[in-house]
Structure formats: structure tokens, C-alpha cells
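Enquirer: Next come the chains, spelled out residue by residue.
Number of protein chains: 2
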Amino acid sequence: MTFQQYVATQSERVNIALHRLVPEESCAPTIIHKAMRYSLFAGGKRIRPLLCMAAGEAIHPNAPGIEDAACALELIHTYSLIHDDLPALDNDDLRRGRPTNHKVFGEAMAILAGDSLLTLAFQVLAELPHCPPDRTIRIVAELAIASGTVGGMIAGQVHDLEGEHMAPSAKLLDTIHRAKTGALLRASVRIGALYAGASETQLAALSDYGEHIGLAFQIVDDLLDIEQSSEQLGKTAGKDAAQHKITFPAVYGVERSHDMAREELSAAHRALEAFGESAHWLREIANTIVNRTH
Amino acid sequence: MTFQQYVATQSERVNIALHRLVPEESCAPTIIHKAMRYSLFAGGKRIRPLLCMAAGEAIHPNAPGIEDAACALELIHTYSLIHDDLPALDNDDLRRGRPTNHKVFGEAMAILAGDSLLTLAFQVLAELPHCPPDRTIRIVAELAIASGTVGGMIAGQVHDLEGEHMAPSAKLLDTIHRAKTGALLRASVRIGALYAGASETQLAALSDYGEHIGLAFQIVDDLLDIEQSSEQLGKTAGKDAAQHKITFPAVYGVERSHDMAREELSAAHRALEAFGESAHWLREIANTIVNRTH
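Residue numbers (the working numbering), protein chains in the order written: chain A, 1 to 294; chain B, 1 to 294.
Next up, chain A with everything else stripped away, as it sits in the complex (with noise of 0.2 Å):
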């Protein structure tokens, strides 16, 4: 199987699943439904999902019904993504290259669809059908805490509005990003392990290969909104300079960046040695993200 294959048939599983999970548009009330949709099949990458299901494969070839868990991943980051565009927020029109999910349906409904998703992904883990107790409670909390105000994502939103105002600096963008984007990248490689049965050292090693690739994630997430136009994000470009946003190029320039970068991908191939064939598709994941145009 080629990588593309790989990417598309483990896609197709994750939007099978959500497309089982979520209401449907006619259940009623229908509007909110509409929008929650809206922002979850907007042709997202599904990069948690699929960081969620290959870290599973690391550990055990099956795992039945793991994308059940690997959806609650995706819920997270879509509420995440309406709520930080709202106008009291980013104030961003545009999100993969279509209107933001208030332009759509206002902001009271695009607010409650954020809320939504998030009250769904706990639902979600809370009925996964083939994972013993223990193992979803802990899946429950680590989804909790990543997605939470210490040194989660809800923490890393705070110290990016905060951080608009202030110096930037290299601990400042630390902060942020292993908060911001880094817990959930992380916890998507946790959760995955978890779900498939991992002991805890494979869990150590899977959590060091998720640090490294949420950092490079961002790194080159930063330089893509310098480097890139709109149209080929398919998000506004340049915001981050415009926003005063503390970024990896602002602090460290651009060459040092896309070094960074590389040194981050390097660092997750080492934490994977001990998986030999059966990280197979986690190093191509990271391989990806820091080759990505978009």
C-alpha cells in the first residue's frame, strides 16, 4: 500500500464513522446539526485521527473500533477551530477555502455548535464499544486534560491572545505551541496507544514521537502562513504578522525555522526505533507534516 492509499482508506473510515456518530442534519433541532457538520466535513486532514489510528497499529495490528476514539479527536479540534474564529477571537472569514462557520450561522449558533462538538467527543469515548473500563476512563482524562487550561489547548489559546500584546521570545513560543497545538497532536498519539493496549514504556517512547511532531507541526505551520498564499491554504494568509502573533520565524527567522523543523522530524524518527516495521505509518505521518504545502 502506498502512503496516499494508506491516508485515503484510513480517511474514509474515520468520516464513515463520524458520519455515524454525529446527528443527522434532519434530527431535530436540524440547524444545529447542519453547522456542527458543516465545519466536520469541510475536508479537514483528519491529522489527529490518522495520528491516532497509526499509533494504535504501533502497538497492535487490530484495534477494533479505534476510530471511534480517533473521532472524539476530530470533534475536539473542529470546536476548537469554530470557536477560535468567531469575531471575538481570530475574527477569521475563511477556513479551508470556505466561510467560517459563523458567516454561515451566526455567531449564537456557530458558539453552540462549538460546544457541541466538544460535549459530543466525551459522549463519544464514554460509548467506544470495545475498550475495556479502565482503559476509557484514562482515554477520558487524557482527552480532558489535553484539551484543558494547564498545558492544554484552551491554555495555548489564552497565552496566543495574551502574547499579541507582549515580546516574543523563545520560551513565550514554547509555552504556546507545546499548549496550543502540541497537547492534542500529543494526546492523539496517547490516545491511540492507550486504546490499543500499550504499556508504559511504549507509551513514554509514543508520547516523545508526539512532542516532536506537534512542534514541527507548528513550525511549519507558522512558516506555510508566511511562505503561502490564501488560496493555496485555503485559510487567510499572513495573519500571524498581522495579528502580532509570536511565531517560530518571528523568534527565530526563517532558516533557523525550517531547521527546526527538521531537527524535530529526526528527533520523532529516534523516539519510534524500538516499533521497528509497526511505526511504519507513524514515521510517514511525520514525514508528511513537514513536507506539507498546505
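I should point out that these hints are in silico values taken from the structure, not numbers from a laboratory. Take the hints with a grain of salt, since some may be wrong.
To be verified - 27 Å max Cα-Cα, derived DSSO-like pairs, lysine-lysine:
#	chain 1	residue 1	chain 2	residue 2
1	A	Lys-34	B	Lys-171
2	B	Lys-171	B	Lys-103
3	B	Lys-171	A	Lys-245
4	A	Lys-245	B	Lys-239
5	B	Lys-245	A	Lys-103
6	A	Lys-103	A	Lys-245
7	B	Lys-239	B	Lys-103
8	B	Lys-245	B	Lys-103
9	A	Lys-34	B	Lys-245
10	B	Lys-45	A	Lys-171
What the hints assert, rightly or not - Across the chosen pairs, the derived CB separations fall in these ranges:
#	chain 1	residue 1	chain 2	residue 2	range
11	B	Glu-127	A	His-165	33 to 41 Å
12	A	Arg-292	B	Ser-11	38 to 46 Å
13	A	Gln-232	B	Pro-64	56 to 64 Å
Stated by the list, open to error - Some chain A residues flagged as far from chain B (calculated, every beta-carbon gap over 10 Å):
#	residue
14	Gln-4
15	Thr-9
16	Gly-106
17	Glu-127
18	His-130
19	Ser-169
20	Lys-171
21	Thr-201
22	Asp-221
23	Asp-240
24	His-244
25	Val-251
26	Tyr-252
Beta carbons are placed, not taken as given, at the ideal position from N, Cα and C, and that holds for glycine.
Since the structure of chain A is already known, use the hints to place chain B on it.
Expert: Frame of chain A, contents of chain B only:
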């Protein structure tokens, strides 16, 4: 013990647990924890936690750690108030006699504070110290469904927003309130019962109680909005009529609404018959919900 003493004791237990469960104001990023705590410790009546713990007592005289499960309900309730008060939703400046969250911390932080409380609710459940894993998972599912878009709290909010443009009808009113306030009040009772190890028969009876007091609560809420001043309520009075909300007095008239509240109270008492003295405080809470003046 008088009911007043009981409420004071139990509220104190909840407040102590909340202080332990919510990150301190000094924890970085400090602003989000200040915003979360501002609304959480704003003099809420803790009705949902009280219901949860009293339902637990109806099943078992002692359920250690049940106050943590009760706190999850208060976290969800508080998040919903913060988001409901936002300019894009109810646009309210006053809550419990104090400026609303976004008036103090700004809209961006209020949105994130709501998200944070919602996320923390599930973390708290996943970390319940004394609850068997299968019971914990059922509680997580219960809370997520009651807060969600299919017959849950968000469904009620959406119907409520949409209802502003529709003719008031008994059916629409029933749909809105069963979801908007009813689902979480019912879940408060059910989660307490589940935590304490209720049988399915006991759970059904307590669910019945929860539904009746949920309806009674909302009828009284609608009546207070008409009959009391903003000062007495600690929030803007007369808003339902101003916003063309569908309320019990608007559909049934004031007199009939008072009768209905009393009928729901009687039905709630009937649902508790099999529990004898162990449901003493549940009865007192029901009486207080119907007879409150704010």
C-alpha cells in the same frame, strides 16, 4: 438538622470540592482561571449538586466522593450560563447581581472560560476517586447526553433561540424546557443515584422525580421573571417577554402556571414514595424549588 442547615452543609461540601478541582487563580494562564472562578463562585444556589447528593443519599446513606460528581454538574451549569449571557446569545449584563463574565473578562475570555468549565467537568468525572470504572463511564455518558444536542441542554438552547420567532405553543414549550433545564436537572438526580449504586428500578423512580421537579423549576422560573424585580432576582427581570421567549405564563396564563407547578411538585413527591425516610431531603429540595422567590 433543619433544611437550611442541610443546604448550608452540603453547599459548603460542594464549594470545598470546587476549590480543590478548579485550578487556582495563580495557576498560568491566570486570566482563564480567574474567569472560570469568577462565575463559579458568584453565589450560585448549587441546586444541581444538591440534587445529585440528595439522590445519592436516597440510595445509600454514605457515598464517599459523590461531591466531585456533583461538582461536574455545577461546572456544566456554569459554562452554560456564561455562554448564554454572551452578546450573540441572550446578551445579558447582569447575573446573580454581578456583571456577567464577558462584561468583566471580555467576550474572547468568556467563550474560553465556558469551554474550559465544560472540558473540566469531564476531567473531574474521569478522575472520580471512589467510583467503579463501569459506573464512571455511565455517568460520563449521562452528563454528555443531558448536555448535548439530542434532547439535551444545547437542544433546548437552540429551540429557545429559534422559538423567539415562532408562535407560542404547548408542544414547543414542552420540547424547549424538557431539554433546556429539564435534562440537566434530571441528570443531576440520575448521576447521584448511579454514583451511589442505584438499581434500575430505583433509577427509574428517581428519573421520574427529576423530570417533575425539572418542569416545576422552569414554570417557577418563568413566573418569577414576570412577578419579581431585577433586584430580587439578581438578574434582568422581564426579559422573557422582551425577547418574545416562549414561557409557561405566555402559553397557559399565570394562574394555570401556578397550578401546574403545584401539580408537578405532587407528582415529584409521588415518585419518591418507595424511598421512605431516605428521600427526606429530595422532598425538601422539591418543595423549595417550587416555593422559592428568586
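Enquirer: Please go over all the hints and tell whether each is borne out by the structure.
Expert: For each hint, the structure was consulted:
{"no.": "1", "hint": "A:Lys-34 with B:Lys-171", "in the structure": "23 Å, holds"}
{"no.": "2", "hint": "B:Lys-171 with B:Lys-103", "in the structure": "35 Å, violated"}
{"no.": "3", "hint": "B:Lys-171 with A:Lys-245", "in the structure": "50 Å, violated"}
{"no.": "4", "hint": "A:Lys-245 with B:Lys-239", "in the structure": "40 Å, violated"}
{"no.": "5", "hint": "B:Lys-245 with A:Lys-103", "in the structure": "25 Å, holds"}
{"no.": "6", "hint": "A:Lys-103 with A:Lys-245", "in the structure": "23 Å, holds"}
{"no.": "7", "hint": "B:Lys-239 with B:Lys-103", "in the structure": "18 Å, holds"}
{"no.": "8", "hint": "B:Lys-245 with B:Lys-103", "in the structure": "23 Å, holds"}
{"no.": "9", "hint": "A:Lys-34 with B:Lys-245", "in the structure": "23 Å, holds"}
{"no.": "10", "hint": "B:Lys-45 with A:Lys-171", "in the structure": "42 Å, violated"}
{"no.": "11", "hint": "B:Glu-127 with A:His-165: 33 to 41 Å", "in the structure": "34 Å, holds"}
{"no.": "12", "hint": "A:Arg-292 with B:Ser-11: 38 to 46 Å", "in the structure": "53 Å, violated"}
{"no.": "13", "hint": "A:Gln-232 with B:Pro-64: 56 to 64 Å", "in the structure": "57 Å, holds"}
{"no.": "14", "hint": "Gln-4", "in the structure": "35 Å, holds"}
{"no.": "15", "hint": "Thr-9", "in the structure": "29 Å, holds"}
{"no.": "16", "hint": "Gly-106", "in the structure": "7 Å, violated"}
{"no.": "17", "hint": "Glu-127", "in the structure": "6 Å, violated"}
{"no.": "18", "hint": "His-130", "in the structure": "13 Å, holds"}
{"no.": "19", "hint": "Ser-169", "in the structure": "15 Å, holds"}
{"no.": "20", "hint": "Lys-171", "in the structure": "12 Å, holds"}
{"no.": "21", "hint": "Thr-201", "in the structure": "23 Å, holds"}
{"no.": "22", "hint": "Asp-221", "in the structure": "20 Å, holds"}
{"no.": "23", "hint": "Asp-240", "in the structure": "17 Å, holds"}
{"no.": "24", "hint": "His-244", "in the structure": "15 Å, holds"}
{"no.": "25", "hint": "Val-251", "in the structure": "19 Å, holds"}
{"no.": "26", "hint": "Tyr-252", "in the structure": "23 Å, holds"}
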